[in-house]
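Q: Chains as they are written, first to last, in my numbering: chain E, 1 to 565; chain A, 566 to 920; chain V, 921 to 1145.
It is worth saying that the hints were derived from the structure and are not from the lab.
Owing to the predicted nature of the structure, the values given are computational and were not obtained by experimental measurement.
The beta carbon of each residue, even a glycine, is placed where N, CA and C say it ideally should be.
Fair warning: there could be bad hints in the mix.
Here are some chain E residues pointing at chain V (derived, C-beta under 8 Å) [unchecked claim]:
#1 Ala-123
#2 Pro-125
#3 Ile-185
#4 Ala-193
#5 Leu-198
#6 Pro-245
#7 Gly-252
#8 Gly-253
#9 Asp-529
#10 Val-537
#11 Lys-540
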Amino acid sequence: MSTRVAESPASLADPDELALGLPESYLSAGSTLGSWLTTTDHKRIAILYALSVTLFFFIGGVAATMVRLELFTPQADLVGADTYNKLFTLHGVIMVWFFLIPSIPTTFGNFLLPLMIGARDLAFPKLNLASWYLNVLGGLTTTAAVLAGGIDTGWTFYVPYSTTFSNTAVTVGVMGVFISGFSTIATGVNFIATTHLLRAPGMTWFRLPLFVWAMYTTSIIFVLATPVLALTLILVAAERTLGLPIFDPARGGDPILYQHLFWFYSHPAVYIMLLPGMGIVSEVITCFARRRIFGYEFMVYALVAIAVIGFFTWGHHMFTSGMSPYAALIFSFLSFVVAVPSAIKVFNWTATLYRGQVGFESPMLYVLGYIGLFTVGGLTGLFLASIPIDVHVQDTYFVVAHFHYIMVGATVSAYFAGLHFWWPKFTGRMYPETWAKFAAVLMFFGFNLTFFPQFIAGYLGMPRRYHVYPPEFQVWNVLSSSGAAVLAAAYLMPLGYLTWSLFFGARAVNDPWNASGLEWRTTSPPPRDNFFGRPAVLGKPYNYHPEGAEPVHDQPRMPSQGSLT
Amino acid sequence: MPAWLMPVAASTQAAKVDRIFIGLTLVSAVIVLLVVGLVVTFAIRFRRGSKADRGPLPEVVSREFEIGWTAATLFVFVFIFWWAASAEIGAFSPPKDALEIHVVGKQWMWKTQGSNGAREINELHVPVGVPVRLVLTSQDVIHSFYVPAFRLKRDAVPDQTTEAWFQATKTGTFQLMCSEYCGTDHARMLGRVIVMEPQDYAAWLSAQPEGDDLAHQGERLFSEKGCSGCHAPGSSVHAPSLAGIWGQAVQLDGGKLATVDAAYIRDSILQPARDIVAGYAPVMPSFKGLLSDGEIQALTAYIRSLGAGPREIRTPGVPPLSSRVPGAQPARSPAMVPGAPVLDTPAPAGPAVRP
Amino acid sequence: MSDPAIATEALLREPWDGLKLPEEQALSYQRTGATFGIWIFIASEVLFFGALFLFYTAVRAEHAEAFAAAARETNIVYGTVNTALLLTSGLTAAAASRASEHAALIRLTRWCLVATALLGLAFLVVKGLEYREDIAEHLVPGPGFKLPEASAQLFFGFYWLSTAIHGIHLMIGIGLVARLIVIGWRHPERIPGNPQVEVTLLYWGFVDMVWLFLYPALYLAGRSG
Chain E
1 MSTRVAESPA SLADPDELAL GLPESYLSAG STLGSWLTTT DHKRIAILYA
51 LSVTLFFFIG GVAATMVRLE LFTPQADLVG ADTYNKLFTL HGVIMVWFFL
101 IPSIPTTFGN FLLPLMIGAR DLAFPKLNLA SWYLNVLGGL TTTAAVLAGG
151 IDTGWTFYVP YSTTFSNTAV TVGVMGVFIS GFSTIATGVN FIATTHLLRA
201 PGMTWFRLPL FVWAMYTTSI IFVLATPVLA LTLILVAAER TLGLPIFDPA
251 RGGDPILYQH LFWFYSHPAV YIMLLPGMGI VSEVITCFAR RRIFGYEFMV
301 YALVAIAVIG FFTWGHHMFT SGMSPYAALI FSFLSFVVAV PSAIKVFNWT
351 ATLYRGQVGF ESPMLYVLGY IGLFTVGGLT GLFLASIPID VHVQDTYFVV
401 AHFHYIMVGA TVSAYFAGLH FWWPKFTGRM YPETWAKFAA VLMFFGFNLT
451 FFPQFIAGYL GMPRRYHVYP PEFQVWNVLS SSGAAVLAAA YLMPLGYLTW
501 SLFFGARAVN DPWNASGLEW RTTSPPPRDN FFGRPAVLGK PYNYHPEGAE
551 PVHDQPRMPS QGSLT
Chain A
566 MPAWLMPVAA STQAAKVDRI FIGLTLVSAV IVLLVVGLVV TFAIRFRRGS
616 KADRGPLPEV VSREFEIGWT AATLFVFVFI FWWAASAEIG AFSPPKDALE
666 IHVVGKQWMW KTQGSNGARE INELHVPVGV PVRLVLTSQD VIHSFYVPAF
716 RLKRDAVPDQ TTEAWFQATK TGTFQLMCSE YCGTDHARML GRVIVMEPQD
766 YAAWLSAQPE GDDLAHQGER LFSEKGCSGC HAPGSSVHAP SLAGIWGQAV
816 QLDGGKLATV DAAYIRDSIL QPARDIVAGY APVMPSFKGL LSDGEIQALT
866 AYIRSLGAGP REIRTPGVPP LSSRVPGAQP ARSPAMVPGA PVLDTPAPAG
916 PAVRP
Chain V
921 MSDPAIATEA LLREPWDGLK LPEEQALSYQ RTGATFGIWI FIASEVLFFG
971 ALFLFYTAVR AEHAEAFAAA ARETNIVYGT VNTALLLTSG LTAAAASRAS
1021 EHAALIRLTR WCLVATALLG LAFLVVKGLE YREDIAEHLV PGPGFKLPEA
1071 SAQLFFGFYW LSTAIHGIHL MIGIGLVARL IVIGWRHPER IPGNPQVEVT
1121 LLYWGFVDMV WLFLYPALYL AGRSG
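I would like the entire structure built from these sequences, with the hints used as guidance.
A: Below, the structure is given as structure tokens:
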């Protein structure tokens, strides 16, 4: 176990491996900035994405911190109304489009999808690099809107406020999101084509790891929902800049039509944020329970069902808009139905633990936290699917708490679970486990302290997007803001110890968790071409114990191609 | 439920919503306890190295489990849907004898007007036990009329009308808020709903002014003196509409800007040829000697009562944003059209001050 | 596909060259991949234009008469000529795509590509003439608009936006076809069997199809019945 200081990530590769005559790792394939910025290696592009989404996560996080600080008291003491409006808009826009949507697919998906199906790269490597540039360009454009004075419309860009009334940099911000949409579509096309065409011999559809299924279903939503958002944003920008009448009610336009178009994208987008996390959880929970996933086929059907039904529930964001009550009933019904496959997934994860050999390493702690937070988030979704309750809590902190439980509590927990699980594979280094466990526990409690009080404040009637509020809500906001401080600490910790591990962490073996996936059957970090020779797949995923036999703790695995352990 | 966990319930719908909410909370609590309980139990019992029995799972059992809990979940969810939906269907349409109240949202205030003529700003007086039908619209962006104690929320959409209804069950003063984000002072777009005993309400109603204040005199003058012949929408004469111009900057011939205030209106009535609004012909005759100062004041009050319209959003150098294009039909809310009922000047949130 | 004159080696791209397949099979598989990819992208584009047509349908349903009146203001002659131009370009594009499968038909491929690009350009020229006439007739939404109804401006909002978006798509298409022409001119051996030919021309076909929906929506809507 070496504790040498490495000058750059590229020198992380073990020189001993080179001495063995093995291909060098993808990290040492070139250490110049140019070699990174022109790479077509899916693994390096994943690292580029990891850097950019981390940057955007902290930009969005700073805005969230300011919001929570302002809400500590009922008065406007820290920032005024306009600044506050710009802060929550910045938080929403950056977190949704430049962190949550790209986070798991573009980092873990990019890195792991080819490895998990035994491919050398994605189907269109140049397109993949172009996606990253588009994503960064979009992110920078949106950030530029902040420098140009900010946007104060909320992340939903509701018309006619965004088209006619807001005098902030809406057009620039909207264009940033539009550009990043191309990135998303290109990633989706790439993932779908890769999954269809580049699976290794023997990797049939029902042998795919659930993470790959999650990427595949997410990509379908990428491809089919994003263009609707792109067109909607063009309409907003055209109305603002060219003065074309589109949604302007004074000239016959219909602001409610905008909401239909927007939510046709943005509701499936929730599943873009959700499904990849589900994929990670399935990978991690099987590994640390040493158990096959319970009901693999049902897990696949559940992912597909969520992706498909998720396209038909958008109207539940508009129950108070005056839409036809009959349409509202249909959307309400479908919103209940889409919760069923989510429930199946939770039950199956729980059942996977049964008769396992459950270990509590840090990725597993994050996953156990995920199950709890996702259950709460999912069940509060049923409250919002019930029209009478939704009418009361729509646009209150109840909704805020609900979607943070799903998108932050669940998905960000899954993101950190995946980050810790695959960190040895990405970097070839181990992180300090005690710190990681501490961060996982802190994140869980910090999260609940931040967002659970918001359910209560919301049901009591505190509307969202209020920088000043009636004093009776203060107790809940103080709790929430205190929790946010804990949560912020928990989010900063991995940044510290993971960076530390890059330089001082112990060298990772190829398969530190004794996991079953194909991505562990190569070196850590993997070589440019991923595998030594072309891997073949002989059985179902999550092969943690022989069929019909009981699981064994840390059962020795057959050394397979490319494995050095 | 303790008061600090549940908001006051002061309408017939509130009781129904709370019943569903509490029911759903109980169901959810059971599911959370079940899931978390099982996860914790399994994680501890089957922790690595424990002595628990770990035989293989028979394939048949796992299939039946899957189908079993899928069906059970579906059943529970559809049941909740049915329960919530039936409460909603029962509340679709208001009773026929409902009191009708018109609500107009604008940045950042609520104007209400009963069919009996009582007008209020950021306040709404209603009798207890009487169904009240709200007809909502907005003058600018989307707002949402939210009274937590009634579990009532409905968006007010510009140039569309939406409807909602409630029947208060308790007297008292209840918070009214805007819950659809509408710009800078969204958080200050607050008001009060005052629920009174029917006899108190009748007394309050009769104490309301008949509406013959200065602005109303101006409104009469506006048609008597022939102003409406040109300045009303649909007039064959091409004259600027006066709706919503109060306090706004208008573009004059020759590139100057003028702010519409009392002095400007006075000048425009008495020396119409001096400042011509860009895009219009100087056709208006002077009313010098035809109107007294008092009458000019009344007209000014009337124009002022038509509202300030949306905030000026154009910045110099930036192309005009759609809806306020000169010459386009200013088809705003009927409340802002000359000849429509007079509206009061904006009052700050909080205890209402009647003019 | 197994035409001996196809320059497989020059056309193979990563990661398709790493599949441990014979080169010709690998190229054929790469072509499958490229075609599959563009079909997914076209599915995405269908939803993009689908949202645009949804907007049209919703607004037209709300303002049927104003829409009919406004649609009568469009110039059906230009519209019909353009439809004919684009349909013909679809024919040459399809011919180019089929001819590119055979090395012996390189000249035909090249001429068909040139004809496709020229027909596309002709469409844009006609569109430009039509825009000039529309501007002269005050059909641009805003002050001084020709028709009195406010909602007639909505139709022309859609008209300008949809034709501009379609025009941008067509320009991208012309650019991609021009790129193939340049490749075919400099390296004639790189055209036969090149997956990019089919990908480009499938995209061209899609842009054609969009016009076939725009044409009735813009030009025929006010003139039926």
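Q: Against chain V, is E/Ala-193 within 8 Å by beta-carbon distance?
A: 5 Å, holds
Q: Regarding the hint that E/Gly-252 lies at the interface with chain V, is the smallest CB-CB distance below 8 Å?
A: It holds, given that the least Cβ distance between E/Gly-252 and chain V is near 3 Å, below 8 Å.
Q: Any CB of chain V closer than 8 Å to the CB of E/Pro-125?
A: 6 Å, holds
Q: Checking hints one by one. Is E/Asp-529 an interface residue toward chain V, by the C-beta closer than 8 Å rule?
A: Given a least distance of 7 Å, the restraint on E/Asp-529 holds.
Q: Does E/Lys-540 hold up as a contact with chain V if the rule is Cβ-Cβ below 8 Å?
A: Given a least distance of 24 Å, the restraint on E/Lys-540 is violated.
Q: So, as I understand it, the hint says E/Ile-185 touches chain V; can you test that by seeing if any CB pair is closer than 8 Å?
A: This hint holds: E/Ile-185 lies near chain V, its Cβ roughly 5 Å from the closest one there, short of 8 Å.
Q: So, as I understand it, the hint says E/Leu-198 touches chain V; can you test that by seeing if any CB pair is closer than 8 Å?
A: 7 Å, holds
Q: Is the interface hint for E/Pro-245 satisfied, with its Cβ closer than 8 Å to some Cβ of chain V?
A: 5 Å, holds
Q: Regarding the hint that E/Ala-123 lies at the interface with chain V, is the smallest CB-CB distance below 8 Å?
A: Interface hint status for E/Ala-123: holds (5 Å vs cutoff 8 Å).
Q: Hey, does the E/Gly-253 contact hint survive, CB to chain V under 8 Å?
A: It holds, given that the least Cβ distance between E/Gly-253 and chain V is near 6 Å, below 8 Å.
Q: Does the interface hint hold: is E/Val-537 within less than 8 Å of chain V, judged Cβ to Cβ?
A: 15 Å, violated
The structure shown violates the earlier hints numbered 10, 11.
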